[in-house]
Amino acid sequence: MGEILSGFETKNKYVVSDEAGNIVYYAAEEEGSVLLRWFLKALRPFTLVVLTESNQVVLHVKRPFRFYFHEADIVDSQEKSLGKLKKRFSLLRRKYSVLNGSGTEIYQLYGPLLKPWTFIIRKNDV
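Numbered per our numbering, the sequence shown spans residues 480 to 605.
Errors might be hidden in some of the hints.
Result set (DSS-like, lysine-lysine): computed pairs, CA atoms no more than 25 Å apart in a straight line [claimed, not checked]:
no., residue 1, residue 2
1, K520, K490
2, K563, K492
3, K566, K492
These are calculated hints, taken from the structure and not from any lab test.
Quick caveat: nothing in here was measured; it's all calculated off a predicted structure.
The task is simple: from the sequences and hints, build the whole structure.
Laid out in structure tokens, this is it:
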């Protein structure tokens, strides 16, 4: 509610669940620059840490600053590269590719236009 009233975005926190609604992981944005958060809003660079229910780090998602076609590096808890997320061009929905460590697309993420935090995960466009 504070974000809506003030227009100032705070660190984001997420619950990752499966189709049945069971909690699989938690994700939280790590500390970042207040000025970048304030001026760049959703375009700001960030690091997201993904945790198990017992607070063990599973992976990090690190997104540097880019105006268009955002990319995020995915690394494990020892900073070893696991792959990337790449935004793809689409007019009517949000579309991303999930790439493995060698750059091969292994999944696609589709975000319905009217559900901003919902993504459908597909393999081979199926």
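Right, here's what the structure says about each hint:
The suggested pairing of K520 with K490 holds, with an alpha-carbon distance near 11 Å, which does not exceed 25 Å. Using a Cα cut-off of 25 Å, the hinted pair K563 and K492 holds, with the two alpha carbons roughly 21 Å apart. A hinted pair counts as satisfied when its Cα atoms are at most 25 Å apart, and K566 with K492 qualifies at roughly 21 Å.
Violated hints are absent here; each numbered hint is respected by the structure.
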